[in-house]
Every structure is written in C-alpha cells, then in structure tokens.
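J.: Line by line, the protein sequences give chains D and P.
Residue numbers for the first sequence follow my numbering, beginning at 120 and rising by one.
Residue numbers for the second sequence follow my numbering, beginning at 24 and rising by one.
A couple of the hints might just be wrong.
[Unchecked claim] Below, simulated DMTMM-like cross-link-like pairs (lysine to aspartate or glutamate); rule was C-alpha separation at most 20 Å, straight line:
{"id": "1", "chain 1": "P", "residue 1": "K231", "chain 2": "D", "residue 2": "E213"}
{"id": "2", "chain 1": "P", "residue 1": "K158", "chain 2": "D", "residue 2": "E213"}
{"id": "3", "chain 1": "D", "residue 1": "K238", "chain 2": "P", "residue 2": "D308"}
{"id": "4", "chain 1": "P", "residue 1": "K160", "chain 2": "D", "residue 2": "D204"}
{"id": "5", "chain 1": "P", "residue 1": "K155", "chain 2": "D", "residue 2": "D239"}
{"id": "6", "chain 1": "P", "residue 1": "K281", "chain 2": "P", "residue 2": "D374"}
{"id": "7", "chain 1": "P", "residue 1": "K158", "chain 2": "D", "residue 2": "D222"}
{"id": "8", "chain 1": "D", "residue 1": "K263", "chain 2": "D", "residue 2": "D222"}
{"id": "9", "chain 1": "P", "residue 1": "K232", "chain 2": "D", "residue 2": "D209"}
{"id": "10", "chain 1": "P", "residue 1": "K232", "chain 2": "D", "residue 2": "E207"}
{"id": "11", "chain 1": "P", "residue 1": "K269", "chain 2": "D", "residue 2": "D204"}
{"id": "12", "chain 1": "P", "residue 1": "K324", "chain 2": "P", "residue 2": "D308"}
{"id": "13", "chain 1": "P", "residue 1": "K231", "chain 2": "D", "residue 2": "D204"}
{"id": "14", "chain 1": "P", "residue 1": "K232", "chain 2": "D", "residue 2": "D181"}
{"id": "15", "chain 1": "P", "residue 1": "K89", "chain 2": "P", "residue 2": "D30"}
{"id": "16", "chain 1": "P", "residue 1": "K155", "chain 2": "D", "residue 2": "E213"}
{"id": "17", "chain 1": "P", "residue 1": "K231", "chain 2": "D", "residue 2": "E207"}
{"id": "18", "chain 1": "P", "residue 1": "K160", "chain 2": "P", "residue 2": "D208"}
{"id": "19", "chain 1": "D", "residue 1": "K268", "chain 2": "D", "residue 2": "E132"}
{"id": "20", "chain 1": "P", "residue 1": "K244", "chain 2": "D", "residue 2": "D204"}
{"id": "21", "chain 1": "P", "residue 1": "K158", "chain 2": "D", "residue 2": "E207"}
{"id": "22", "chain 1": "P", "residue 1": "K269", "chain 2": "D", "residue 2": "E217"}
{"id": "23", "chain 1": "D", "residue 1": "K179", "chain 2": "D", "residue 2": "E215"}
{"id": "24", "chain 1": "D", "residue 1": "K265", "chain 2": "D", "residue 2": "D239"}
{"id": "25", "chain 1": "P", "residue 1": "K118", "chain 2": "P", "residue 2": "D164"}
{"id": "26", "chain 1": "D", "residue 1": "K238", "chain 2": "D", "residue 2": "D204"}
{"id": "27", "chain 1": "P", "residue 1": "K232", "chain 2": "D", "residue 2": "E217"}
{"id": "28", "chain 1": "D", "residue 1": "K265", "chain 2": "D", "residue 2": "E217"}
Calculated directly from the structure, the hints in this document are not laboratory data.
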Amino acid sequence: MFVVKRKELSLRERLFLPEIARALGHSLRAIFKPKITRQYPEEGLPTTEVTRGQPRLVVKEDGAMACVSCGLCEAACPAYAITIDGQETDRFIEREPERFDIDMLRCILCGFCEEACPKDAIFMSDELELADYSREALKYDIEKLKRPKAALQKRIDYVYRINERWRSSSSTS
Amino acid sequence: MTKIIIDGVEIEADPKQPLIRACHDNGVDVPMYCYHPGLSPVGSCRICQVEVKQGEMPPRIMVACKTPVAEGMIVDTRAPKAHAARRECLEFLLKNHPLDCPICDKAGECDLQDFAFAEGQGEGRSVEPRRKLDKRKSLGDVIVLDEERCILCSRCVRFFEDVTKKPQLTVSELGSRSTISTFMDRPLQGNYQGNLADVCPVGALTLKKFRFQARVWNLEKHFSTCGECSRGCSITVEILRRREVKRIRPRYNPDVNKWWMCDVGRFAFDRFNEEERIEGAAVRDAQGRLVETGVSDALAKAADILKVHPSPAIVASPWLTVEEGEVLLALAERAGVAAAFVAPPPNDLADDLLHTGDPCPNRRGLVELGLAAISAEEALERIGAGKSAILVGERVVELLGEEALEDLPAALRLIAFVRHPVHAPATNVCIGVPTAVERTGTWINVDGGRGPIAAARPAPPNVRPLTSTLAALAELIQRQEAPA
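For reference, chain P alone in the conformation it holds in the complex (with noise of 0.2 Å):
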C-alpha cells in the first residue's frame, strides 16, 4: 500500500490500481468516459485529468485513469487548472454529440449527460454544424448504434478484448468520420452483446428490445438474481409501474459476475410479464371443469385427496429457493415420502465466462438439503406410478412437458403448485405461486455463493407464497391423521 493524498486527505492506496480508481474508492468524484473498472485503460477521452504533483516537479495536469499510484502523490481534483482542461475536453467531445437527450434511451443515466451538468457550459460556442452519420446502424439482433451520439471512448471495443477475449469491434474511419464498426459490417455473434449498452457511457449503443420502452427514472430497480443457469449472476430488475419487468442489468459482484452477465439472463424476463396466470386457485368439479376457488378451499381439497390416495410423487421445479426446499421436505416427511426436482440436461450455452451451462440456478442447494435431481423422464414415470403426484414450483409443467401431462391417466390425482393452469385431465388442484420477481428467498450458485432473490413487485393479492401453502397443506395432512 502507498500513501497519497487527494484533496487534501492522506490514503492509502493500491499500486497496481489506477489513480482513478484510489479517487473513485475514497469518494473523490472524477469524471470518465473510456475509463470502466472492468477493462483496461486507454485514456483516449481526456476527462479525468486532475492535478498531479509528485516531488520536486511543478504540479502538472495527467489522466488519472491512465496514471499508476506513487508513493508521495500530491493530487487536487479540484484545481482550476484541472478544472479548465475538464472543461474544455468537454466542449470537444459535446462538439458532435447531438442534442438528442428527450430522444435517447441514455438520458438519465447518462454519463456524459451528468457531467455536462456538473461542469459544462450552458450553450455551446461551435458555429458550424454537427456532423451527421447513421442514426440507426444495426449491428446484430441485440444492439443498435447511433454513430452520432458516439464519443469514440471505445469501451465497446475493448470489452470484447479484454472480457469475451473474442473481438468484433474496431474505431473505422478518420477524424470526424470515425465510427464503431464490425468487420465488413457483419453483425455481432455470442451471447454476451448486451453488456455493451451497459459498458457504454452514452446513449450509442442501446438495446433493441429497450429501445423507447421507458424512461430510466421511472423504473424501479431492485436487487435479485439471475435464474437462467447455475451461476446466479447478481442482477438489478427493473420495473414500470409496478408492473412490467422492463429491463435487467447486472450488478457489480466481485465474486461471482464482476460487472456482466449473458444475454440469456438479460432478456428471460418475458414470461415476468405474461398476464395469464392463476389467481389464487382453481379446483376440478364435478363436470370436470376447473373452477376458480379460494386457496384455502383448494388446500382444503388436496388434503382429502392425499387422504384418499396417500404417499404422492412429489416433483419440484428447479427454481424453487432453498428457504422452499426446506418446507417442501418438511411436507414431504408428513406425507411419508421422497421429494425430487426436475434436473433439464445441460445446455449448449456454456462458455468459459459466466454460463455454466445447467439450466437450474438452485441445483446445489436443492441437492444439499436432501431432494434428488431427477430427469424429465423418470419424474414422469414415478408420478405414473402412483395414485397421486404434487407438482411443485414455476415451470415444472414446462420440463415436464404438457403433452406428457396430458397423457397421465385420468385416475390419477394431480396436485400443482404452478403459474398457469393445468389443463391436463388427471389435475385436480392448481394453486397459484408467485413468479421470481415476487419472491423472496436464496438460490446457492455452482459455487456455494448464496444469491439472494427479492420480491421487485407485488404479487397478486389471492397469490400466497410457496413457503405458506406448503406449509398449510402439511399442516392440514397432519391435522387429519392425528384423530385417526
């Protein structure tokens, strides 16, 4: 560790990092637009310039992103000189950049936006006109890039150096012409293009599928984790109105996804915003038709029929949380029997970066708690084999197969714990359960990490949590075997 003081204050700094970086985690506000904690410095934008005196020489004026920590720094972010060459920077780089802010995606969260505000001038001094390129230049399905609002910082280019270490992205062009491109304008491939729009600081390079979906200061942004494979990724959801999910971005995680995450994770939130679901619950009658009924009568209904056809199959989702997995065992035990969750195959998505590749984001903690990964197939053939059979959790219906459900002989007693309706002949019961934007809980990654999932919006109101009807159907299966 060395020691430097910055404005005054004497800290203790890492050597290897960046002076930017010492500034940064000491709470000394400096401005940057090439520079990004997650891949190597250039100092290409000019916008951290501070003040620098180191021995005997006269102060001088370096960008802190590209300028290692020395022992005995004497560094003033806030010296006029600093300041002027901030500011000038700025009117270069605001020179071309169109002032496009109620338009772009970007605003509100904009880098060069805010620093502008902080430090830039209200009205610009240039007398000729912008220059103009491609607005709208695809590249690929993911992203879409605004040449004109582009400041040439190249975080786009240098993420896939230094992060997928596969590059696709070069600066083309000279001067004023100068653009992000692919080679012969192919369009990006891999599974990692949606960091770019987070990686760039302004609104060049945006989400095709956010492209004009919302204003980022009405989304509500809560902490969560990614489902989609085993690595539990940390993730913010954000949401409009209480409502929509309409965006997902990673959150900076040093342990398991630094400041990334696949484009699988960022754009599952779809079936979030499905408005078919059960509400509460619904319960065959005697016509055979399922009727909407109260969750308590449903619970009620599934008591008698565990009464009737005792020791059920019972087969969870993969997405259930640990805290889940904990009073489905519980009820299991009540019920005399062995609880399962559905294990898909691996997928082909796995790369050497974040996707494992397993499809289950709890696998390891289902597993440590005591339920067995079962495939498809053998799932399907133990609820055959019985008389009765609980389904457990979102989108085990999905891995099941609903033509494979369909086919269950009508006897047979099904109990589901799922989002939508069961139409299969042999269901008898379908409650509700909530989405994993709607619950709280923990998901154990590959790795041991506990990711934690939060509720980003509220459930409907007849939909109760996992963890509570499970809890009261144990609690009804033990309230009837006791006078007996």
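One chain only, chain D, in its complex shape (with noise of 0.2 Å):
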C-alpha cells in the first residue's frame, strides 16, 4: 500500500500572511510595468503589409475598375468562394465585372485570388475582423468590396517586391 505523508505546516507556513505580502507585492510591481495585453476592440491588431486580410478590389484612381472579370481569381479560389459576371463597358478596356461576390464564409485568406490576378485588381488588404447578425451580410457584393488605390497600395507594393524577388531568382534567360 502506498501512503502519502504530508508534510507538517510551520507555523509561519500556515498563517499565509507572509505569502500574501509577497503576492501584492508581485502585483504592485506589475502596476509599474509595461502593458502587454490589448483593449480589442476598441484597440485594434497591428498590421503589417505582409498581413493577409481579407481580399479587397482596386478602384483605380480614374475611378474605374481594375478587375476586368477575366474568372482567373474564381479558378484558383480553393474554396470556391468567388463568383464573377462580367458585362460590356464603353471604355478602352472593354470588359468589366457586373456582379462579383465574394462568400466571406469560404473565404480562407490564402491570397491564391492575389496570386492569380493578371489585372493586379484584387489584393488582400489589412481587413480582418469579420463579424456580422447574417450569414447572408457576409456574403460580400461588389460595393462592399471595393476599395480605392491608394487605401491598398502598402500591400501593392510588397506584392511587387515579393514578385521581383522571385523573378530574379528564377529567371533563365
């Protein structure tokens, strides 16, 4: 049989009072330290241009789409979350989308629709709280999806630099 003895308590031991000073005095220390915990929501998530957010399309600065729905974002989206019409324009670029939902339910921020954008139209921004009442309001609609130049253009930039990193390292001629 095995029998556990436990180990008699001073006196010292079994008034606590000594280890209660010591637990306020941990805490009064810690008055005087740095935070390190986040008000969320009311202080938001620091991003980066490297964060993957949800993915959001350029409205050039002429104030035109730049998505011309050519279906490439549609194709490589693994999760089926994207769905494009695409309609007649009367500008030089003759092709723009008339409907273009994005399921955000599906969406799983890989950036695949990023990757696969010949038109360097959609981009996944620094967006990434995604709460609503509905299912039906996460659907995102062109309206909702749209955002100028300018509001993505961190993340333009380092797509471009990531972009060039790999063709100078993987050009053959």
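The two chains are supplied separately, each in an independent frame; assemble them into the complex guided by the hints.
T.: So, in structure tokens, the structure goes:
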C-alpha cells in the first residue's frame, strides 16, 4: 500500500500572511511595468503589409474598377468563394465585372486570388474583422469589396517587391 | 492508302488528304491556325511546319496542311529544325497580338493561347509598340471583329467561299494594316454568320450575344441535337452554373452538319432561360382560378375529367421525342382516340446547306410512329368539336395560338402538358413538362438519322418527364375502367 505522508506545516506557513504579502508585492511591481494586454476591440490589431487579411478590389485613380472579370481568381479559389459575371463597357478596357461576390464565410484568406490576378485588381487588405448578425450579410458584393487604390498601396508595393525577388531568382534568360 | 512514317510509327494515310490530317488522325499533335478540316488549305500561317524526308532528298521543313501525303514519306514533327521554325512563326504571330487574354472571350479555347503556352517563349523580344487598330468593328448583327487580335489566317474568308459559296469577307489593306473587311463595310448577311466565331482560331471574331457573358471554362458542355428544323444538327449545349444556357455550338457530325450550324438554331436558347414556368402542376378550382398542386393530384383530376368526358382530342407538339410519342400513342389507344401533332407550315429559311425550312425536328419520327401531322387550324377544329382535349408538349400552345385557345368554349375540358401556364378559360389541368435541355430522348431527322437529345441541366424538382406523366395518366384511365 502506498501512503503519502503530508509535510507538517510550520506556524509561519499556516498563517499564509507572508505569502499574501509576497503576492501583493508582485501585483504592485506589475503596475509599473509596461502593459502587454490589448484593449480589443477598442484597440485594433497591429497590421503590416505582410498581413493577409480579406481580399479587396482595387478602384483605379480614374474611378474605374481594375478588375476585367477574367475569372482567374474564381478558378484559383480553392474554397469556391468567388462568383463573377462580366459585362461590356464603353471604356478602352472593354470588360468590367457586373457582379463580383466573395462569400467571406467560405474565404480562407489564402491569397491565391491575389496571386492569380493578371490585372492587379484584387489584393489582400489589412482588414481582418469578420462579424455580423447574419450569414447573408457576410456574402460581400462588389460595393462592399471596392477600395481606392491608395488604401491598398502598401500591400501592392509589397507584392511587387516579392514578385521581383521571385523573378530574379527563377529567371532563366 | 499510302504508307508513311510519322514520328517513327508507320501508318496508312489517304493520299487525297493533307499531311496534317494524317498526323491528327493518328494522335500526333500538329498546331494549326489557317488550316481547318472543313475549309480548303492555304498554308498562310506556317505554324504547322514539320520535317519531311522524301526519297534520297535531305529532310526539308514543309507545311503539313498544304503537303499531300505521298508514298514513303518520313515525317518528324518533333525535329529541332521544325520546332525552331514553328517557334519563330509563333513569335511573329504574337508580335502584334495584344495581351488581351484576361478580357478576351476566346481565352481557354484559343488555339493561339494553347500553342503559345506549349511551344512559345515566355517573354517577347520586340521593343516596338504593337499596332493599333479598331477593337470593336461591327460586322452585322451577329459578329464583332477585333482587328488587333486577328492573325489573318483567312479562315473566315474561306468559310464564306467554301461553305456558303457566297463570298462576303476579304483581307483588305497591306502589311501591318491588313484587316478583315466586307465590301464597303456592309454588314454580313445570311444565316451562317455565327460559324465565324467558331472558325476563328483566336478571339478576333466573337458573337455579340456571347460577348463577355461567361468564361468558357465555367461552361458545362452537353452533347445534344438542335430542334429548330428537321435537319437535326448535332450541337453542344453549354450551361453556366447548372442553370443558364449561355451558348449553343455545332458539334462535328460527318453525316448531318459537318462542323457548321445555322444562326436560327444557334441563338434559339433564350426560351430555355425564361424563368416563368409551371413547377409541378396547376388545376382550376371552384372559383375558376388556376391553383398550384402536386402532379399526382393533377393527374387524378385529369383522369376524373376523362371519365366524365371520354374520347378527348389529343394534340401534341412536334418537339415530342420518339419515346414520348410512343407513350402518347399508348395513352391515345387507352382513351380510344387517335393522336396527332401540330405541324406548322414550312418557313422561308430553307437553304441548300443545312436549314430544311421545316420547323418540326421530329416530324419523321412521329409520323413513322403513327401520329398524324395536322395544321393548327385542323387541330383547333378537332379540339373544338369534342368535349375534352389533351395538349401535349412544349410550344404546342404557341403553335395553336394563345388567342385561339382563349376563344374555345369554357365548357370544354382542356388538359395541358405544357411549360407555361395556359390561362384560357377552357383549361382545367396544367402539368409542367421539361424543356429540350432538361430531358433525354431521340429525334429522327429528315434523312432518318437519329438525333439524341440529352439533359444538359436538371429539371426543377417537381417537373416530371413527359413519358412518366403520360404513362401515369394512361394507367389511371385504365384503373377507372377496370371495375366498371
């Protein structure tokens, strides 16, 4: 038979008062240390250009969509989150999306759409928050996805820089 | 038959055929732009160059589309010299070809894109800007031409020369300004313009109706048969997201339509995309309104009507398949009457190429089964003479005329197997039927050839096949008669 013999506590240990005082000392010292918790959601998460948030569509400086609804992001999307219908326009670039839906509940933020896009029209923004009261509201349509180019500029520059590095390392000619 | 060697394999080839045909028939892939099996070869694009050794001569680079097959030829399609020659041709073709693929409707089924991907180089060496031409030149009601994308293969020019025998297009201007144009920029004419978009190896000639509608890799392709005339051309029905018919294209069938089809059949898909239809069935209630019900209830009501008012006039649509015709005949036999189908008079679209002018795709099949072909007037007379009538099949209301049905006496009991609700006061029962892209069956064309039609998309859940609903009605009639 296995018997655990408890240690006899001394009077000092049985009082607990010195231990309480020691704990209060810890708390007192922590007050003056720098804070490591964040007051989310009042205080947002720090993002950089590497942050792969939700995909957003680029609106060029002239107000037109950069997207020509070629459907490559739709084809590349592993989660089948994107649905696109095209239409004709009178501009020099003859085609623009009539409907561009991303089902944010399906989106896995993989960034394949950004990689597939031949027209620099879709980029992973630094918007990360995704909460709403209904599923329908999380199926984002074209109006919810539009962002001016300036808002995405940091990410665009980053993607160009990364692509340049790829090109210089894999170039054969 | 002549014996030749292609890529080290000895094969037998037809000496009347060009070499490229022998290559393709034996599974050797040779690129082509200007060559089309249905058109006379010209050898203008030079992309099909292969190395050919004949007799004692040293091997030479030749275009496979203009070289006839000759005894003892030794062909090497993968020789380094041939490959280099093709690559250089491709570079010249791509020199002025815009990098439009994300916008271009042809992307995904484009020969230039495929061969550039397979054999071309990743980057262009040209430093000069590309030529600037008209990107939206309208050629009539059907086709729009993008001059920048055109590689001047002249397939479209030869299509009008060889197939319709009424030349309309030509290559005008010289050098880098060369474009495809009609005389005095007149719009294209005729019933076969849509084929230009199929014939064009790049995205230069596109259909106005399909322009920017869908990406081709999203289209589900289903083999079927055209139902706009009694020729019964083999077609491919292309469906977007399992719902909408986006495009109909001809499918190669050497006995019927070769590679072509007419514009009437090509653009006849709008009626498949109409939203309004009977899903399930509708019966007229005591207040005289058409109320939606289940198919079984509607069939029971129809059987009750036929019990009180026997020997109905049975009028079918000419779009009935042979299988549906057979079930309809069984129903007519059970009801003790003769069945007939409405055959509209020939239209003026007939030509010596494909269109027969007879709008009934299955006239021969139904007549051989034993259904009589009657005119709309005769059909209305038959319906008006009896106490009850059965209308069967899509478009039968359209052929009889909606106003004519409105004028029928309200005492008449009309049972309609139709797609759209029939609001005529005589209608008592409406049962929904699937359209030609939602059912399977066979049409027999004017020459007796069998044209299978296939379900390209699922019918709405409560729309049962016509064969099933007609057979169920026949059975109900019999069950009512049996105890008596």
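J.: Going through the numbered hints above, which ones does this structure break? Give me the numbers in ascending order.
T.: 3, 4, 5, 7, 14, 19 and 25
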